[in-house]
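J.: Protein chains in written order, with this note's numbering: chain A, 23 to 585; chain B, 23 to 585.
Check the hints yourself; a few may be wrong.
You can't tell identical chains apart in this list, so a pair holds if it fits in one copy or across any two.
[Stated by the list, open to error] With a straight-line Cα cutoff of 16 Å, these simulated EDC-like cross-link-like pairs (lysine to aspartate or glutamate) come out:
#  : residue 1 : residue 2
1  : Lys142    : Asp189
2  : Lys454    : Asp288
3  : Lys142    : Asp103
4  : Lys93     : Asp138
5  : Lys458    : Glu183
6  : Lys461    : Asp189
7  : Lys461    : Asp288
8  : Lys461    : Glu183
9  : Lys42     : Glu544
10 : Lys529    : Asp547
11 : Lys31     : Asp288
12 : Lys392    : Glu462
13 : Lys550    : Glu370
14 : Lys165    : Asp189
15 : Lys550    : Asp64
16 : Lys458    : Asp182
17 : Lys318    : Asp465
18 : Lys390    : Asp465
19 : Lys318    : Asp340
20 : Lys387    : Asp400
21 : Lys550    : Glu70
22 : Lys468    : Asp340
Think of the hints as simulated: they come from the structure by calculation, not from any bench. If you're wondering where the values come from, they're calculated on a predicted model, not measured in any experiment.
Number of protein chains: 2
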Amino acid sequence: MANSITTDKPHWTALAAEKKQRQLESIPHEWIVTPPSDSTLDVSAFPETCGLLNAREIEITNTSVDVLLEKLACAAWTAVDVTTAFYKRAIVAHQLVNCLTEIFVDRALARAAELDDYLKTTGQVVGPLHGLPISFKDQLCIKGLETTIGYASWVGQYADENAVLIDILIECGAVPFVRTNVPQTLAWPETFNHVFGRTTNPYNRSLTSGGSSGGEGALVALKGSPLGVGCDLGGSVRIPSAFCGLYGLRPSYGRLPYYGIRGTLDGQDSVLPVLGPMANSVVGIKVFMRAVINTKPWLNDPLAVRKKWDEDEYNLVDHGGSGKNLCFAIMWDDGVVVPHPPIRRSLEIARAALQNAGHKVVDWKPIKHKLLGDITRDIWNAGSAEEYMITTSATGEPLITSMGLDVANVTVASFRPQNDGITAYQLWQLQKLRQKIRKEYLDHWKATASETGTGRPVDAIICPAAPFVATPHGKNRYVDYTAVWNALDYAAAIFPVTTVDSTLDGKAPHAFYNDFDKDVYEMYDPEKFRNAPVCLQLVGRTLEEEAVIRMTEIVDAALLAAK
Amino acid sequence: MANSITTDKPHWTALAAEKKQRQLESIPHEWIVTPPSDSTLDVSAFPETCGLLNAREIEITNTSVDVLLEKLACAAWTAVDVTTAFYKRAIVAHQLVNCLTEIFVDRALARAAELDDYLKTTGQVVGPLHGLPISFKDQLCIKGLETTIGYASWVGQYADENAVLIDILIECGAVPFVRTNVPQTLAWPETFNHVFGRTTNPYNRSLTSGGSSGGEGALVALKGSPLGVGCDLGGSVRIPSAFCGLYGLRPSYGRLPYYGIRGTLDGQDSVLPVLGPMANSVVGIKVFMRAVINTKPWLNDPLAVRKKWDEDEYNLVDHGGSGKNLCFAIMWDDGVVVPHPPIRRSLEIARAALQNAGHKVVDWKPIKHKLLGDITRDIWNAGSAEEYMITTSATGEPLITSMGLDVANVTVASFRPQNDGITAYQLWQLQKLRQKIRKEYLDHWKATASETGTGRPVDAIICPAAPFVATPHGKNRYVDYTAVWNALDYAAAIFPVTTVDSTLDGKAPHAFYNDFDKDVYEMYDPEKFRNAPVCLQLVGRTLEEEAVIRMTEIVDAALLAAK
Numbered sequence: 023m024a025n026s027i028t029t030d031k032p033h034w035t036a037l038a039a040e041k042k043q044r045q046l047e048s049i050p051h052e053w054i055v056t057p058p059s060d061s062t063l064d065v066s067a068f069p070e071t072c073g074l075l076n077a078r079e080i081e082i083t084n085t086s087v088d089v090l091l092e093k094l095a096c097a098a099w100t101a102v103d104v105t106t107a108f109y110k111r112a113i114v115a116h117q118l119v120n121c122l123t124e125i126f127v128d129r130a131l132a133r134a135a136e137l138d139d140y141l142k143t144t145g146q147v148v149g150p151l152h153g154l155p156i157s158f159k160d161q162l163c164i165k166g167l168e169t170t171i172g173y174a175s176w177v178g179q180y181a182d183e184n185a186v187l188i189d190i191l192i193e194c195g196a197v198p199f200v201r202t203n204v205p206q207t208l209a210w211p212e213t214f215n216h217v218f219g220r221t222t223n224p225y226n227r228s229l230t231s232g233g234s235s236g237g238e239g240a241l242v243a244l245k246g247s248p249l250g251v252g253c254d255l256g257g258s259v260r261i262p263s264a265f266c267g268l269y270g271l272r273p274s275y276g277r278l279p280y281y282g283i284r285g286t287l288d289g290q291d292s293v294l295p296v297l298g299p300m301a302n303s304v305v306g307i308k309v310f311m312r313a314v315i316n317t318k319p320w321l322n323d324p325l326a327v328r329k330k331w332d333e334d335e336y337n338l339v340d341h342g343g344s345g346k347n348l349c350f351a352i353m354w355d356d357g358v359v360v361p362h363p364p365i366r367r368s369l370e371i372a373r374a375a376l377q378n379a380g381h382k383v384v385d386w387k388p389i390k391h392k393l394l395g396d397i398t399r400d401i402w403n404a405g406s407a408e409e410y411m412i413t414t415s416a417t418g419e420p421l422i423t424s425m426g427l428d429v430a431n432v433t434v435a436s437f438r439p440q441n442d443g444i445t446a447y448q449l450w451q452l453q454k455l456r457q458k459i460r461k462e463y464l465d466h467w468k469a470t471a472s473e474t475g476t477g478r479p480v481d482a483i484i485c486p487a488a489p490f491v492a493t494p495h496g497k498n499r500y501v502d503y504t505a506v507w508n509a510l511d512y513a514a515a516i517f518p519v520t521t522v523d524s525t526l527d528g529k530a531p532h533a534f535y536n537d538f539d540k541d542v543y544e545m546y547d548p549e550k551f552r553n554a555p556v557c558l559q560l561v562g563r564t565l566e567e568e569a570v571i572r573m574t575e576i577v578d579a580a581l582l583a584a585k
Numbered sequence: 023m024a025n026s027i028t029t030d031k032p033h034w035t036a037l038a039a040e041k042k043q044r045q046l047e048s049i050p051h052e053w054i055v056t057p058p059s060d061s062t063l064d065v066s067a068f069p070e071t072c073g074l075l076n077a078r079e080i081e082i083t084n085t086s087v088d089v090l091l092e093k094l095a096c097a098a099w100t101a102v103d104v105t106t107a108f109y110k111r112a113i114v115a116h117q118l119v120n121c122l123t124e125i126f127v128d129r130a131l132a133r134a135a136e137l138d139d140y141l142k143t144t145g146q147v148v149g150p151l152h153g154l155p156i157s158f159k160d161q162l163c164i165k166g167l168e169t170t171i172g173y174a175s176w177v178g179q180y181a182d183e184n185a186v187l188i189d190i191l192i193e194c195g196a197v198p199f200v201r202t203n204v205p206q207t208l209a210w211p212e213t214f215n216h217v218f219g220r221t222t223n224p225y226n227r228s229l230t231s232g233g234s235s236g237g238e239g240a241l242v243a244l245k246g247s248p249l250g251v252g253c254d255l256g257g258s259v260r261i262p263s264a265f266c267g268l269y270g271l272r273p274s275y276g277r278l279p280y281y282g283i284r285g286t287l288d289g290q291d292s293v294l295p296v297l298g299p300m301a302n303s304v305v306g307i308k309v310f311m312r313a314v315i316n317t318k319p320w321l322n323d324p325l326a327v328r329k330k331w332d333e334d335e336y337n338l339v340d341h342g343g344s345g346k347n348l349c350f351a352i353m354w355d356d357g358v359v360v361p362h363p364p365i366r367r368s369l370e371i372a373r374a375a376l377q378n379a380g381h382k383v384v385d386w387k388p389i390k391h392k393l394l395g396d397i398t399r400d401i402w403n404a405g406s407a408e409e410y411m412i413t414t415s416a417t418g419e420p421l422i423t424s425m426g427l428d429v430a431n432v433t434v435a436s437f438r439p440q441n442d443g444i445t446a447y448q449l450w451q452l453q454k455l456r457q458k459i460r461k462e463y464l465d466h467w468k469a470t471a472s473e474t475g476t477g478r479p480v481d482a483i484i485c486p487a488a489p490f491v492a493t494p495h496g497k498n499r500y501v502d503y504t505a506v507w508n509a510l511d512y513a514a515a516i517f518p519v520t521t522v523d524s525t526l527d528g529k530a531p532h533a534f535y536n537d538f539d540k541d542v543y544e545m546y547d548p549e550k551f552r553n554a555p556v557c558l559q560l561v562g563r564t565l566e567e568e569a570v571i572r573m574t575e576i577v578d579a580a581l582l583a584a585k
């Protein structure tokens, strides 16, 4: 990463304006469309009706990852065709929900053309992802491009080399083609910053697309990308996946190579960020994970775990081996904040579908979720204020204190740093306490063997990804339905279940755990959340990515069968 | 772990004296021997000549782990016989080199008797380590016993439960039978504390047994235990293994379960301590690692890596697959401190033996070892001074500032904390720099593929474990030959090569890298190190335990063949 120029640096507003102008110029003029007015909230159908994409391009962009790869491998569709189709749809998506940061059409099409040549000349694909366009959250450095993670202060900092995962995906034959929007500092579950502005939800633009991988969520939901890579520190892959109706995976620490990412809280070695895939099908998640792990990422990233893709684990050898008669545990709430009615209903749908498919369903008893969430925030906040201050003070860029529409006047949300940092010794005491709770939670899980009837502990937990669906902007203020699994380092996947239905999802009064729970309850009104996707989360144990993917497929099939 | 009583706590001298008295009373009177006078430096033959052990007990205690397990499994030797034999020899060893802390004969023999009954009744062994006595460094909590890690302040703190590894080994059929001495704070490469005093080297009692697992090193060297478990944060398994002529393994973070250990710098989540086996044969190391990993320790320790024991990796599938034509790289020195002549000679012996066995040997070029060592110390020292102060201030116990014979008058050694701690943000910056160097080192290793002639990068590095053999007490002041591999999280094994020979190992002047290098050179005099074992270290990459064990077997066989 080239050093920033700290002398003679322009004011942050100038940097942001100049970058935004360059972004605009990077869009081919012929791909500019006339989007619906702001009062049109649901724009999900627009890419197919706007006229920019022809029928074949619509077909290509509606195709799932596995079929795309088959068509590419047999040259039924060229990489240039596929990249062009997704690029056009991505640019349309951007004009609807403002989801992109870096746009580099020529470079992506040149790469696609190389792949086509290779296949034509050799008769072989370059690798298992031959010709597949992949989008990336604005953290994954690509040589020659800027990576601002939403800081105006970092405009003009061009990467000297690719992130390790980018190199691996290129080795696999993929076509990196766009990067996507994030919140300033990344430490928000919504997506807004001073450089690129706000990303909105394609199903209802008055709602957030989530964050911090919110650009990715919105883009994939609009099928502007077949596969996106986000980053998850406390839910940043899963929250936008859930809010945008996608499949998404939060792998365990080190299962995917993280080296070369521009992150937040760099050097924080405790509750670690991880990269994870987001897609419109669970098969996309599987294909991606298997391809990347099969390249042995530990040869190129010192923190990547030396653990092969394990077909036995995918075939659930540690869970009975057949994929039948599994025992799922539903966590109806976390004991802190009760989920809104659509979430409750989705859990009921999942329970019925799984029971119909012959699986057992029990209740999950959460333990110490509040404490886990608090400790995790305290660990992140141990040095975050100093980091943000140093980063933004280079240009005088204001630190954003809310994701709300009226940025200046909204109260600071509860998960912003409240202190000036602590000592290393104090940090160690927090980390020590966290390890103790991780042990308690593991033992708690193991002890469920007595109630499953399978002879095994619960195979997976099914729980909300948030106590609500996509919220109005600035209102997503609770991330512990995802963050606790980061603290425990459990593999977790998001899958879609339904959408908000005002007739089925009326207000449902309940006793409150606390004042915040009451606030969350009072936010609910089915009309406000009209058309929002409702997703759930499936949680396995540490480094159980293969089993989590397989069990998500099983749940997905059960939901489909129950429809 | 029960809380310490902070009110009405006796003075530390009273606590230490009372504990030492209890230790003395725990030794069966009939096992008290008359050890040679202090002027007898080499006491390694004494256990077999002192008359306490009969011929069968001598045979048992001279038997390697694999054969012991066979004899136990077929009931040729009972667990009570084997435990009694090792216990007697351990107690003799203790009277020679002061290596034990907790002694619990009745409990161990009762456990052994249970195992014998089980085998007799069922015809089956309890597990793969049936009847094997195992000794433990004074960090691995055993229910009902104290774990002081050399702090007088912690006398009287009894464990409420076993460390996870203890439970696993019991499940495997092992017999925990003694615990062994450590330095106060654990953060020294020698072994001395205010409670139990100093452990000396069985081959020359004027020399240290190393540390911090120095009690374990001395005990196993005297064959008072067939297998010991130490803990390695910066070399604490490998240094005593090397100084005492043993095989020892430093696994990667999380390969063995660490939960339930009383450690130092608890909550420090960056450069992590790991448990590791120490034995008189490499097969002992293998048997132990395979048995423990096959119990799936990740089900009981949230930090244990979900990675099965991999026979393919043991069979070197990633290293050509045959165990032949490997390429080893010898690191003659680390660019900071030049090793003493016996170490140099042992590297030459290893090179010749490997070449004779048909392997290729190239030179290893160390990069940034000084920086890695410095960063690692800075990370540990970020909060260590505060931890030590809080622990010792409970009773007024003085913090030991040297491992020298005259504790009060020796200068503070260079690796003691020099500061009062840093902030969490400052710690993150150190950790970030360390990750960058880990990446550089991994790339450096990968790039050796161009010089090996095998098509692969170097298969393993062979290097000193320290720039010297066991030093006089208080003189072991350089641990970076081991600590850099902790910082890089590379799996590393110790194996014996030769012993110091005054005719072959005369002084050998050389240019000095720096003043410290000169100091180390000037410490050398072959007479001073008479009879000391000379060991080397074999280093593989992260989570390559299986391959490191196999390659150590290959080197060991080559050395034997060359004798």
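J.: The structure should be examined with respect to each hint, and the outcome stated for every one.
T.: Here's how the hints hold up against the structure:
{"no.": "1", "hint": "Lys142 - Asp189", "result": "neither (23 Å within a copy, 60 Å between copies)"}
{"no.": "2", "hint": "Lys454 - Asp288", "result": "between (20 Å within a copy, 6 Å between copies)"}
{"no.": "3", "hint": "Lys142 - Asp103", "result": "within (15 Å within a copy, 73 Å between copies)"}
{"no.": "4", "hint": "Lys93 - Asp138", "result": "within (12 Å within a copy, 65 Å between copies)"}
{"no.": "5", "hint": "Lys458 - Glu183", "result": "between (39 Å within a copy, 14 Å between copies)"}
{"no.": "6", "hint": "Lys461 - Asp189", "result": "between (36 Å within a copy, 15 Å between copies)"}
{"no.": "7", "hint": "Lys461 - Asp288", "result": "between (26 Å within a copy, 15 Å between copies)"}
{"no.": "8", "hint": "Lys461 - Glu183", "result": "between (39 Å within a copy, 13 Å between copies)"}
{"no.": "9", "hint": "Lys42 - Glu544", "result": "neither (38 Å within a copy, 65 Å between copies)"}
{"no.": "10", "hint": "Lys529 - Asp547", "result": "within (7 Å within a copy, 85 Å between copies)"}
{"no.": "11", "hint": "Lys31 - Asp288", "result": "neither (24 Å within a copy, 43 Å between copies)"}
{"no.": "12", "hint": "Lys392 - Glu462", "result": "within (14 Å within a copy, 39 Å between copies)"}
{"no.": "13", "hint": "Lys550 - Glu370", "result": "neither (22 Å within a copy, 77 Å between copies)"}
{"no.": "14", "hint": "Lys165 - Asp189", "result": "within (10 Å within a copy, 50 Å between copies)"}
{"no.": "15", "hint": "Lys550 - Asp64", "result": "within (13 Å within a copy, 84 Å between copies)"}
{"no.": "16", "hint": "Lys458 - Asp182", "result": "between (41 Å within a copy, 15 Å between copies)"}
{"no.": "17", "hint": "Lys318 - Asp465", "result": "between (31 Å within a copy, 14 Å between copies)"}
{"no.": "18", "hint": "Lys390 - Asp465", "result": "within (13 Å within a copy, 42 Å between copies)"}
{"no.": "19", "hint": "Lys318 - Asp340", "result": "between (23 Å within a copy, 11 Å between copies)"}
{"no.": "20", "hint": "Lys387 - Asp400", "result": "neither (24 Å within a copy, 42 Å between copies)"}
{"no.": "21", "hint": "Lys550 - Glu70", "result": "neither (26 Å within a copy, 85 Å between copies)"}
{"no.": "22", "hint": "Lys468 - Asp340", "result": "within (13 Å within a copy, 34 Å between copies)"}
Comparing the model with each earlier hint shows violations of hints 1, 9, 11, 13, 20 and 21; every other hint is respected.
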